[in-house]
Amino acid sequence: MRRTSALLLCLAPALAGADAGWAPLPGGEFRSVLRYEDTGGVVKVAPFDLQRRPVTNAEYLAFVKRHPQWQRGRAPVVFAEPRYLERWTGPLQPGPLATPAQPVVQVSWFAAQAYCEAQEARLPTWSEWEFAAAADATRADARSDPAWRERILAWYSVPSGRPLPEVGRSPANLHGVQDLHGLVWEWVEDHSAMLVSGDNRDQGDPDQMRFFGAGALSMDDRENYAVLMRVAMLSALEGRDTTRNLGFRCARDPLPTKGKTP
Amino acid sequence: MMALRWRLVALLLLALPVPGLAATPLPGDSVYLLEDAFSDQSGKPFTLAERRGKPQVVAMFYTSCRYVCPLIVDSAKGVEHALSPAEREHLGILLVSLDPMRDDTAQLASVARKRKLDPSRWTLARTEAGTVRRVAALLGVRYRALADGEFNHSSALVLLDSEGRVVARTERLGPVPDPAFLAAVKAALATAGSP
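Line by line, the protein sequences give chains R and G. The first sequence begins at 3 in this note's numbering and counts up by one. The second sequence begins at 81 in this note's numbering and counts up by one.
Please keep in mind that the hints were generated in silico from the structure rather than gathered at the bench. Note that beta-carbon positions come from the ideal geometry of N, C-alpha and C, so glycine has one too.
Cβ-to-Cβ under 8 Å is the rule here; a few derived chain R residues that face chain G:
no.	residue
1	Asp40
2	Thr41
3	Pro78
4	Val79
5	Val80
6	Phe81
7	Trp111
8	Phe112
9	Glu191
10	Ser194
11	Ala195
12	Gly241
Okay, derived cross-link-like pairs now, SDA-like style, lysine to any residue, Cα gap no bigger than 25 Å in a straight line:
no.	chain 1	residue 1	chain 2	residue 2
13	R	Lys46	G	Met181
14	R	Lys67	G	Gly210
15	R	Lys67	R	Ala116
16	R	Lys67	G	Leu106
17	R	Lys67	G	Arg214
18	R	Lys46	G	Asp228
19	R	Lys67	G	Leu113
20	R	Lys46	G	Ala209
21	G	Lys157	G	Lys266
22	R	Lys67	G	Glu115
23	G	Lys194	G	Pro255
24	G	Lys157	G	Asp258
25	G	Lys266	G	Glu167
26	G	Lys194	G	Ser119
With the hints as extra help, turn the sequences into a complete structure.
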């Protein structure tokens with residue numbers, strides 16, 4: 003494992019252009035839908051890489067083969083509730099309800115984190131996810147465009163009982179990232195922190211914190227229901243929870259540039 | 081033939097799980113299944129599974145915290161003082177820092193000294209940032225780093241039984257322990273302490 007990663011590091015400069023699975027995102031100052039008092043709603047997003055597509059069943063199968071402790075039936079309930087990978091035919095057979103190119107769903111936050119760590123990566127933060135998802139095909143921030151909002155909202159009217167589409171069928175956004183909207187919900191690293199308010203006098207009173215925390219959602223963005231729904235859903239989940247339309251993709255800090263290689 | 085069968089029986093008996101021995105697998109709902117590395121206020125590395133065998137009161141805090149974290153220490157002390165000396169001996173108290181950037185070993189040691197926390201019972205721990213998130217998720221603690229370097233976080237004492245399962249929690253903090261939580265601590269100690 004270690005030897006492989008050393009080898010990959012040596013190859014990194016050569017691969018940088020050909021690393022098809024990852025898109026480089028520039029980051030920058032970004033107006034988040036989460037308008038905490040302490041940030042004023044503006045977050046600084048450092049440059050990062052994001053997987054172009056959500057993780058598929060085929061990719062997740064390769065992971066559980068190499069890391070048997072994450073196979074269904076072996077992953078402890080403290081890290082993954084009993085519905086973990088429930089629709090797979092068997093621990094190593096995704097089967098007809100989880101085809102290779104469909105996004106993997108019913109994975110817990112702990113499992114998603116373990117997957118990303120195995121790729122020497124991590125889950126994206128909410129800010130990173132939101133930054134990536136603000137773009138359309140031509141603009142880094144298309145969120146004020148009513149047509150863009152309409153398109154995203156349309157997804158929520160699709161009945162959820164339908165089989166999930168395969169990944170990579172939607173057009174790439176400006177950054178070369180696909181499926182941020184319209185396919186599945188996605189875990190973020192700090193999902194449980196999103197409704198924690200910016201006022202530390204609320205500490206110690208969880209009910210009050212949740213109450214004021216809801217105030218962190220900016221009223222200016224009240225038309226951006228799609229993103230608000232995502233925040234509400236993700237922050238309601240526990241790390242061991244899974245759902246039938248919740249998957250993930252990984253992020254990582256940008257690989258060192260060519261000049262830095264010793 | 082007979083002798084062989086007896087030898088088999090003896091082998092089987094040896095293979096039976098003995099309660100309290102580290103060789104038995106942890107239950108699937110044990111927080112101790114988290115294999116990540118921690119270090120204590122003396123810099124000594126440890127894993128959570130090493131705390132198996134004694135019930136633990138666990139909380140998350142950070143040393144530069146002005147408002148609630150001193151209260152978390154007071155609350156754990158309150159539980160400690162409400163126990164008999166015999167009970168106290170069988171309880172562990174574990175505080176995990178939310179702020180591994182600033183809470184280095186020296187910082188943790190300084191707080192332990194200032195607050196007179198008996199090192200035979202109290203562990204002030206740090207770990208890497210990814211593990212902090214995982215521990216918080218396992219304990220149901222929500223937190224966010226604020227722009228000014230403070231953290232906002234839910235504050236709870238969590239009771240783990242001797243196998244590392246969450247058996248009680250309280251968000252009623254203060255030097256006088258939450259009676260329901262204290263009763264749970266005493267019950268966990270009674271179960272663990274009667275061999």
